[in-house]
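Put the two chains together into one complex, using the hints given.
Protein sequence lines correspond, in order, to chains A and B. Under this note's numbering, the residue at position 53 of the first sequence is numbered 53, and the numbers go up by one with no gaps. Under this note's numbering, the residue at position 69 of the second sequence is numbered 69, and the numbers go up by one with no gaps.
To be clear, the hints were calculated from the coordinates, so they are not data collected in a lab. Predicted model only: the values in this text are computed from it and were never measured. Beta carbons: idealized from backbone N, C-alpha and C, even for Gly. Each hint should be verified, as a subset may be incorrect.
Said to hold, decoys possible - Chain A side only, calculated, beta carbon under 10 angstroms to chain B, not exhaustive: (1) 34; (2) 50; (3) 57; (4) 60; (5) 72.
Unchecked claim - Below, simulated DSS-like cross-link-like pairs (lysine-lysine); rule was C-alpha separation at most 27 angstroms, straight line: (6) A/31 x B/25; (7) A/31 x B/80; (8) B/80 x B/25.
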Amino acid sequence: MLLLGAAFLVLATLGIVRLPDFFTRAHAMGKSETLGAILILVGLAVLNGLSLASFKLVLILILIAVANPVATHALVRAALRSGLAPWVRKTHDQAPDSRGQG
Amino acid sequence: MTTLVLYLAVLLALLMAASMYRLIKGPTIFDRMVAAGAMGTKSLLLLAFVGFLYGRTDVFVDLAIAYGLLNFISAIVVAKYFERRREEAP
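Just chain B, with the same shape it has in the complex (with noise of 0.2 angstroms):
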């Protein structure tokens, strides 16, 4: 079961990859927030993986944690940041 929570964290890995690609290449600035977004909760399940493999599985759940608000957090404050400034902007 070990061996198998490997390969998927390995997996996990090459997924964010390829959502660096978007993440880098966007055209718009939304595009790149979305990849942004789906490269957090990629983290997010890695870190429940890598603790799940080193057995500290209490540590790194809390890292998860925080890092699962801070996405959510920032998500939000650029959609709020640019919907308010295309707003002034015309």
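One chain only, chain A, in its complex shape (with noise of 0.2 angstroms):
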């Protein structure tokens, strides 16, 4: 369950870098980021057994599976209220036809 979530931060990490565009950058951050983060706290819950420091990992697994998403829903909203174009491909500009698609 450590080995799953650390790929999904990987993933995570890997797509902040490399896509070309800020929503797609949240999108990637927004989901893999929360589920890596949950799978690894899981995982450090079950590791440390029943106690009151598990009972606390589980709290923060609660709190980022609510704020996070919500965290990145609001930056998107305010990046496109703020008149951020989202990224359309280039070679869609030479021929709109084939915009739909993708």
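Right, dumping it as structure tokens:
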């Protein structure tokens, strides 16, 4: 479970570094990062045994599962309202018929 | 099992360094905020790992809760601020 969560975190960071646009980056961060953090925290709670610290780890898990998508959504909405245009593939500008797919 | 957690903590630190690239290079302020949020989440997990490695999970988990709350509040406040500033500008 820890390894799976770390794999998701690697994917999220790869998306943040490599993707071409803010919206795609936020997409990569909002979901993969949340899933990776949840998996890692569940793994740590199982590894830690039944105690107060495990309860607090589950509390952090709930906090992340609620707060991370909300924060990402708020940032994306602010970006969209402040006039940041979504990314369109360059070749689609010459052939506007194929813009819809993708 | 401690060795696995140690390796994962090192991997997490490397991922934080990779997010730092976007934090410095990002073209817009929102890129930087998303990268900062990702780094905040990763530092929270790193705190949990360090707490497990030191055997003092209670203390470090409390710190991790504080980090998570601060991360969330800062992202919300920045989003609200830039949204409102653009509405007043035109």
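The hints, checked one at a time:
| no. | hint | verdict |
| --- | --- | --- |
| 1 | 34 | holds, 8 angstroms |
| 2 | 50 | violated, 12 angstroms |
| 3 | 57 | holds, 6 angstroms |
| 4 | 60 | holds, 6 angstroms |
| 5 | 72 | holds, 7 angstroms |
| 6 | A/31 x B/25 | holds, 22 angstroms |
| 7 | A/31 x B/80 | holds, 21 angstroms |
| 8 | B/80 x B/25 | holds, 23 angstroms |
Hint 2 from the earlier list is the only one contradicted by this structure; the remaining hints agree with it.
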